[in-house]
Amino acid sequence: MEIVGEIYPIIENQDGKILDGNHRAEANPKHYRKTVQTRNRMEEILVRVHAHHRRRVSQEETKGLVAELAGELVMLGTLKTEVSSKLVELLPYSAKYVMELLPEEYKNPE
1 MEIVGEIYPI
11 IENQDGKILD
21 GNHRAEANPK
31 HYRKTVQTRN
41 RMEEILVRVH
51 AHHRRRVSQE
61 ETKGLVAELA
71 GELVMLGTLK
81 TEVSSKLVEL
91 LPYSAKYVME
101 LLPEEYKNPE
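Letter 13 of the sequence shown, counting from 1, is numbered 13 in the working numbering, and no numbers are missing.
Keep in mind the hints are simulated off the structure, nothing from the lab. Warning: the hint list may mix true and false statements.
No farther apart than 27 Å at their CA atoms in a straight line, the calculated lysine-lysine pairs in the DSS-like style are these [as the list claims (entries may be wrong)]:
#1 K34 <-> K17
#2 K63 <-> K17
#3 K80 <-> K107
#4 K63 <-> K107
#5 K63 <-> K96
#6 K96 <-> K80
#7 K80 <-> K63
#8 K96 <-> K107
#9 K86 <-> K96
#10 K86 <-> K17
#11 K63 <-> K86
#12 K63 <-> K34
#13 K30 <-> K17
#14 K107 <-> K86
When you get a sec, could you build the whole thing from the sequences and use the hints?
Structure, rendered in structure tokens:
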């Protein structure tokens, strides 16, 4: 911090919910923040996944987020058979990696 300063902001939504940067907030509650508008949990997860893309995150954590995002898509009306293709559109990962992360119940047999 003393050498290069604050490089990445804490990302929070309009309600102050931290979507990325919990550790930065713990280390320095006054760390600068960027506010993004989210309408639902699906958008919160997408912000988090895209923010994590810049750093190394465990596959288990990413798997959990992808599974939660798949569930949110179904709750919002996406058919289970269409979840995998929708996730490929939304996530910053290759189709192969999305399929590796996705729970079996959402994988399109085609």
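Here's how the hints hold up against the structure:
Of the supplied pair hints, the one linking K34 and K17 holds, its CA atoms being roughly 11 Å apart against a limit of 27 Å. Pair hint K63 plus K17 holds up; C-alpha atoms about 22 Å apart against a cutoff of 27 Å. Restraint check: the Cα-Cα separation between K80 and K107 comes to about 8 Å, which is no more than 27 Å; the hinted pair holds. For the hint linking K63 to K107, the alpha-carbon distance of about 14 Å falls within 27 Å, and the restraint holds.
With a C-alpha separation of about 13 Å, the suggested pairing of K63 with K96 holds against the 27 Å cut-off. Restraint check for K96 and K80: satisfied, since their Cα atoms lie roughly 18 Å apart, inside the 27 Å limit. The straight-line distance between the Cα atoms of K80 and K63 is roughly 17 Å, inside the 27 Å bound, and the hint therefore holds. Between the alpha carbons of K96 and K107 the distance comes to roughly 12 Å, so the proposed pair stays at or under 27 Å and holds.
Restraint check for K86 and K96: the C-alpha separation of about 14 Å stays at or below 27 Å, so the hint holds. Restraint check for K86 and K17: the C-alpha separation of about 26 Å stays at or below 27 Å, so the hint holds. With a C-alpha separation of about 16 Å, the suggested pairing of K63 with K86 holds against the 27 Å cut-off. Between K63 and K34 the alpha-carbon distance is near 26 Å, which keeps this suggested pair within the 27 Å criterion.
Annotation: proposed proximity of K30 to K17 holds, straight-line Cα distance about 15 Å (limit 27 Å). At most 27 Å may separate the alpha-carbon atoms for a hinted pair to count; K107 and K86 meet this at roughly 11 Å.
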